[in-house]
Amino acid sequence: MSSVRETDLSTLLSGRVKLHQPLKGYRAGMDAVMLAASLSAGAGEHLIELGCGPGAALMSAALRLPDARFTAFEVEGWAADLARKNAQDNNVSDRVEIIEGDIARIEPRQDIDQVFFNPPFFDDPDALRPPSPEKERAWMSGDAPLPVWMRAAGYLLKGKGYLTLIHRADALADILAAAQPVFGSAVILPIHPRADRPAKRVIVKFRKGGKSPLKLLPPLVLHEGEAREYSARAQAVYDGAALELG
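Position 194 (the sequence shown) corresponds to 194 in my numbering; numbering is contiguous.
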């Protein structure tokens, strides 16, 4: 059962995306924008997001890819309701379906063109305590660790379909391990907060049944200068430009 939460209205993609999201707890931002920017799709393709939350990445992707259709799974009833509201307010509800359901219970269908997700970042509850109870589900995998997300993607995707995800950079080894043996042809985009600092995030694109060698792309650097201005490339992505992953 969904519960009522206080929300506010924010925007993404330079105002193109209207996003109602909770005032407390996890707040969507650049991770969702970058994930959506990394997707490309032809006319009529069907994309599924696992764990869409209020729909930040989903709305951004739907507005960027107007000829594709989308389905999203979300286990939290309140978040699924909010994602439906956001789909209506962004005029994409005719091609975006939100399903309230647990990704651990997804059954094989193997007919989807692409799957994407931004999984919970902290699998170890002792690694970092979330600053509020509202963030716990968004920050920790709990009963759905990374292999569960990968298995769900494998169940959904057709042969040679694509999986794209964003995660912590230090989780890269776990991501590559969890992808085996279903996914291959990994393309990795490291994301650095600054040019002289280690990567904090990675976007990884796999192909189901892919056999091509791993490809490591030149990094995306988010900030430059003494303040926290976005770099020219990061600002272009935030404004709606694509992140080409090949």
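Quick caveat, the hints were computed from the structure, so don't treat them as lab data. Heads up, the beta-carbon is just placed ideally off N, CA and C, and yes, glycines get one too. Watch out, some of these pointers could steer you wrong.
[Unchecked claim] With a Cα cut of at most 30 Å, we get these calculated DSSO-like pairs of lysine-lysine:
(1) K160 - K200
(2) K160 - K211
(3) K24 - K200
(4) K200 - K18
(5) K215 - K158
(6) K215 - K200
(7) K211 - K158
(8) K24 - K85
(9) K211 - K200
(10) K85 - K18
(11) K215 - K160
[As the list claims (entries may be wrong)] What follows is a list of derived Cβ distance ranges for each label pair:
(12) R151 - A173: 39 to 45 Å
(13) Q88 - S14: 38 to 44 Å
(14) L216 - H20: 36 to 42 Å
(15) A173 - N91: 38 to 44 Å
Q: Hints the structure violates: just list their numbers, smallest first.
A: Hints 12, 13 are the ones this structure does not satisfy, whereas the remaining hints hold.
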